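Asks: Chain residues, written in single-letter form:
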Amino acid sequence: MVNKEEIFKKMQKAIYDYDKDAAVAAAKEALDAGIDPVEAVEKGFAVAIRDLGEKFDRMEIFLPELVMGAEAMKAGVEILKEAILARGETMEKKGTVVIGTVEGDIHDIGKTIVIAMLQSAGFEVYDLGKDVPIPEFLKRAEEVKADIIGASALLTTTMLRQKDLIEYIKMSGKRDKYFIIVGGAPTSKEWAKEIGADGHGKDAIEAVKVCEELMKKKRGAA
Amino acid sequence: MVNYIDVAIRAETGPMIAEEDFNMKLIAMKAAEYSKEIDFKFDPKEPVNTDNTLADEIWDAGLRFFLDVGIYSVKTRRRIVFDESEVKHALKNVKSRLEVGQGKDRRVLYNRGVEDTKPPVIFGGPFNCDVSEEMFVRFNEAYAREEIIDVLFLPGYLKTLSGLDVRPDSGLSSRTVVLYGRWSREAIARAGRPGMAIVGHAIMGLNEIGVTNEDWGLRVTDPRAMVMLPELQVDDVTLSRLVYYIQYGAPIYIAFTPLVGGFAGGPESTTIVATASHIAAVMLGGEIIHMGPQHVRYRHQTNIHSLWVASRVKQAVSRNSKMIHLTSHTTAGRAGSEQFLYEFAALEIDVVPSGSHVAGPRPADLKFNNHNSPLAARLFGEVGHAAAKLKRDEANELVLKLYDIYKDKIDFETAPVGKPFEELYDVNTLKPKPEHYEQYMKVKKHLADLGLELEFD
Numbered sequence: 001m002v003n004k005e006e007i008f009k010k011m012q013k014a015i016y017d018y019d020k021d022a023a024v025a026a027a028k029e030a031l032d033a034g035i036d037p038v039e040a041v042e043k044g045f046a047v048a049i050r051d052l053g054e055k056f057d058r059m060e061i062f063l064p065e066l067v068m069g070a071e072a073m074k075a076g077v078e079i080l081k082e083a084i085l086a087r088g089e090t091m092e093k094k095g096t097v098v099i100g101t102v103e104g105d106i107h108d109i110g111k112t113i114v115i116a117m118l119q120s121a122g123f124e125v126y127d128l129g130k131d132v133p134i135p136e137f138l139k140r141a142e143e144v145k146a147d148i149i150g151a152s153a154l155l156t157t158t159m160l161r162q163k164d165l166i167e168y169i170k171m172s173g174k175r176d177k178y179f180i181i182v183g184g185a186p187t188s189k190e191w192a193k194e195i196g197a198d199g200h201g202k203d204a205i206e207a208v209k210v211c212e213e214l215m216k217k218k219r220g221a222a
Numbered sequence: 001m002v003n004y005i006d007v008a009i010r011a012e013t014g015p016m017i018a019e020e021d022f023n024m025k026l027i028a029m030k031a032a033e034y035s036k037e038i039d040f041k042f043d044p045k046e047p048v049n050t051d052n053t054l055a056d057e058i059w060d061a062g063l064r065f066f067l068d069v070g071i072y073s074v075k076t077r078r079r080i081v082f083d084e085s086e087v088k089h090a091l092k093n094v095k096s097r098l099e100v101g102q103g104k105d106r107r108v109l110y111n112r113g114v115e116d117t118k119p120p121v122i123f124g125g126p127f128n129c130d131v132s133e134e135m136f137v138r139f140n141e142a143y144a145r146e147e148i149i150d151v152l153f154l155p156g157y158l159k160t161l162s163g164l165d166v167r168p169d170s171g172l173s174s175r176t177v178v179l180y181g182r183w184s185r186e187a188i189a190r191a192g193r194p195g196m197a198i199v200g201h202a203i204m205g206l207n208e209i210g211v212t213n214e215d216w217g218l219r220v221t222d223p224r225a226m227v228m229l230p231e232l233q234v235d236d237v238t239l240s241r242l243v244y245y246i247q248y249g250a251p252i253y254i255a256f257t258p259l260v261g262g263f264a265g266g267p268e269s270t271t272i273v274a275t276a277s278h279i280a281a282v283m284l285g286g287e288i289i290h291m292g293p294q295h296v297r298y299r300h301q302t303n304i305h306s307l308w309v310a311s312r313v314k315q316a317v318s319r320n321s322k323m324i325h326l327t328s329h330t331t332a333g334r335a336g337s338e339q340f341l342y343e344f345a346a347l348e349i350d351v352v353p354s355g356s357h358v359a360g361p362r363p364a365d366l367k368f369n370n371h372n373s374p375l376a377a378r379l380f381g382e383v384g385h386a387a388a389k390l391k392r393d394e395a396n397e398l399v400l401k402l403y404d405i406y407k408d409k410i411d412f413e414t415a416p417v418g419k420p421f422e423e424l425y426d427v428n429t430l431k432p433k434p435e436h437y438e439q440y441m442k443v444k445k446h447l448a449d450l451g452l453e454l455e456f457d
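Chain order of the listed sequences is A and B. In terms of our numbering, the first sequence opens at residue 1 and continues consecutively. In terms of our numbering, the second sequence opens at residue 1 and continues consecutively.
These are calculated hints, taken from the structure and not from any lab test. Model, not experiment: these values are computed from the prediction. Where a beta carbon is used, it is the ideal one built from N, C-alpha and C, also for glycine. A couple of the hints might just be wrong.
[Unchecked claim] Estimated spans, in silico, between C-beta atoms of each pair:
#	chain 1	residue 1	chain 2	residue 2	range
1	B	Ile17	A	Asp51	29 to 37 Å
2	B	Lys401	A	Arg58	49 to 57 Å
3	B	Val417	A	Leu85	48 to 56 Å
4	A	Lys177	B	Leu161	44 to 52 Å
5	B	Ser85	A	Asp51	30 to 38 Å
6	B	Lys431	A	Lys193	35 to 43 Å
7	A	Arg58	B	Ser96	36 to 44 Å
8	B	Ala18	A	Gly220	38 to 46 Å
9	B	Glu33	A	Lys139	51 to 59 Å
10	A	Lys170	B	His89	35 to 43 Å
11	A	Val38	B	Ala18	42 to 50 Å
12	A	Thr96	B	Ile9	22 to 30 Å
13	A	Met171	B	Glu33	45 to 53 Å
14	B	Phe40	A	Ala25	30 to 38 Å
[Claimed, not checked] In silico DSS-like pairs for lysine-lysine, Cα to Cα no more than 30 Å straight-line:
#	chain 1	residue 1	chain 2	residue 2
15	B	Lys445	B	Lys431
16	B	Lys407	A	Lys55
17	B	Lys442	A	Lys130
The task is simple: from the sequences and hints, build the whole structure.
Replies: This is how it looks when you write it as structure tokens:
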């Protein structure tokens with residue numbers, strides 16, 4: 001009898017070692033052992049990636065390690081996801097987020113951190129990149145049936161585009177369909193409120209909390 | 001010899017690489033690799049470096065790292081690369097002396113060495129905090145009235161004009177740029193320093209080049225600031241402005257903000273990337289090289305990691321090149337608070353004995369328009385001059401004492417909020433209000449008591 005705990009430990013070790021191949025191998029081993037894929041994600045990969053997120057917040061590890069950990073997890077989860085789909089089921093996810101840095105702004109390190117943390121927390125994230133034209137946010141959100149649209153801006157000049165984004169989505173008649181969150185160095189809760197956003201994260205950890213709360217709200221309303 | 005034309009060509013023809021790979025496989029991996037070759041470890045008890053050999057090893061690693069990595073052109077996804085002979089030639093010929101400004105207000109910028117007793121040049125001003133239209137001239141005039149400020153630094157970001165939001169590259173931004181030039185000139189003229197050099201960057205995209213006019217705008221003697229993105233990246237707008245300003249003949253001021261904890265990794269490997277960024281700035285044509293020792297977690301420049309990195313990098317550059325280089329100062333504590341003053345003093349005492357000039361200060365997280373203080377900039381100048389009299393070991397002790405004062409309030413949420421200019425000053429007389437002046441004197445006396453040789457009238 002294969003020890004489940006040992007497999008979970010292997011999955012965690014793959015994340016701590018930032019090792020994509022090991023993550024894939026551990027995911028396959030979990031499936032071979034008949035472990036429920038959802039349980040495997042939660043008790044294996046997710047434990048380690050959450051820990052990495054906390055270590056990053058304490059600056060015990062740095063962005064390259066966080067990104068590599070998130071990439072290893074993504075590779076492993078992909079294997080588990082395929083197995084779930086093959087069973088004709090869907091993998092439960094916390095929510096789907098479409099995120100990008102607004103048009104005119106080419107900073108995206110903060111967004112990279114937010115994406116890594118959101119993925120770690122179980123969100124499916126679509127990264128639009130940077131300097132993203134406003135219509136692209138909505139177009140992609142429609143395509144992937146997103147729950148949340150995230151717009152990042154690092155400059156005081158480009159945060160105005162967050163306001164434009166909200167106006168554009170309102171104009172398109174889709175405002176009620178999506179939660180919109182904003183972030184970036186010059187932004188604040190007050191700014192988010194002023195422009196009619198649904199949430200603001202002062203940093204990546206808060207961004208995850210805001211997304212979780214918004215999803216609870218959505219599920220509560222459903 | 002490589003010049004801006006080669007840079008523009010290489011941005012179109014250099015080796016292509018995805019940005020993710022540039023960040024992870026080149027910046028992150030190579031920085032980690034080179035830093036492992038050096039025997040050093042972040043030590044919170046030693047923000048100021050006293051080891052010359054270490055500074056030289058960091059320089060050597062930074063140079064080799066730069067040759068491996070080059071500069072990333074964001075738009076074309078190509079690396080702008082240079083060979084060793086090109087880089088060495090550029091470093092050999094970089095200006096070690098440069099005049100800015102005009103007439104009696106002209107200043108000579110020069111390269112400083114480690115523990116150099118020549119005072120740093122003081123670049124002081126709003127440092128591009130959000131400045132309201134109605135306060136722009138008065139605010140900058142108050143800075144220009146501060147004799148200790150040598151160069152007016154980044155007169156401010158005009159976020160709105162006649163109540164309308166100004167977007168970069170819009171028609172309105174073109175108008176804003178012209179007013180930025182006119183009002184900056186008016187401010188220095190009102191202060192009686194019409195030839196004072198102005199470091200300009202109106203943050204208006206490519207429209208910004210419209211600021212140039214010898215009669216009413218920024219002149220050929222005013223440095224123009226361009227910003228490289230972290231780490232070692234340039235965008236087309238920056239390259240375009242660069243080419244224009246070089247051809248115009250204005251002094252080229254290149255700024256960058258290495259991010260401790262970002263793709264550069266921890267404090268140790270960030271020293272390599274930050275040193276390489278100085279070299280990159282020279283290769284782009286930079287004559288005045290500005291580093292803001294930024295931090296991914298704290299988002300300001302006075303945390304202990306930034307202090308540790310800044311001292312080592314400044315010494316590496318000062319000991320091994322003739323560059324005119326400086327350090328910017330952004331803080332957690334905001335203008336109008338004592339903490340603001342202690343924070344920038346700590347970073348100045350860290351970098352001035354390490355060979356740097358100084359620029360700033362500014363709160364990193366602004367709460368109001370005009371959220372800065374010319375009187376604080378006076379203390380910034382005074383501390384900069386006094387710090388040039390310190391040896392590195394003395395500086396280290398002082399930095400630790402100052403860091404102790406503010407270390408528990410370095411998150412934006414806990415740092416003091418402070419006040420905007422119009423609450424700190426009588427905006428008619430342009431004199432600081434009594435309580436603001438008392439705060440300045442209190443901190444200045446405290447700094448003197450701690451051992452800084454400050455001058456009192």
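Asks: Evaluate each hint against the coordinates.
Replies: Hint check results:
As the Cβ distance of Ile17(B) to Asp51(A) is approximately 32 Å, the hint placing it in 29 to 37 Å holds. Separated by about 25 Å at the C-beta atoms, Lys401(B) and Arg58(A) break the suggested range of 49 to 57 Å. In this structure the supplied range 48 to 56 Å holds for Val417(B) paired with Leu85(A), their Cβ-Cβ distance being about 51 Å. Separated by about 35 Å at the C-beta atoms, Lys177(A) and Leu161(B) break the suggested range of 44 to 52 Å.
One distance hint, 30 to 38 Å for the beta-carbon pair Ser85(B) and Asp51(A), is violated here, with the actual separation near 48 Å. At about 37 Å, the beta-carbon gap between Lys431(B) and Lys193(A) stays in the expected band of 35 to 43 Å. Separation of Arg58(A) from Ser96(B) is about 42 Å and conforms to the stated range, judged on CB atoms against 36 to 44 Å. The hint said 38 to 46 Å for the Cβ distance between Ala18(B) and Gly220(A), and at roughly 41 Å that hint holds.
At roughly 41 Å, the beta-carbon separation of Glu33(B) and Lys139(A) lies outside the given 51 to 59 Å, and the hint is violated. Between Lys170(A) and His89(B) the Cβ separation comes to about 57 Å, which falls outside the hinted range of 35 to 43 Å. Checking the proposed 42 to 50 Å range against Val38(A) and Ala18(B) shows it is violated: the Cβ atoms sit about 32 Å from each other. Here the CB-CB span from Thr96(A) to Ile9(B) is close to 43 Å, at odds with the stated 22 to 30 Å.
The hinted window of 45 to 53 Å between Met171(A) and Glu33(B) holds, with their beta carbons roughly 50 Å apart. In this structure the supplied range 30 to 38 Å holds for Phe40(B) paired with Ala25(A), their Cβ-Cβ distance being about 36 Å. Between the alpha carbons of Lys445(B) and Lys431(B) the distance comes to roughly 20 Å, so the proposed pair stays at or under 30 Å and holds. Taking the CA atoms of Lys407(B) and Lys55(A), the gap is about 20 Å. The hint holds against a cut of 30 Å.
For the suggested pair Lys442(B) and Lys130(A), the alpha carbons sit about 46 Å apart, so the restraint of at most 30 Å is broken.
The structure fails to meet hints 2, 4, 5, 9, 10, 11, 12 and 17 from the earlier list, while all remaining hints are met.
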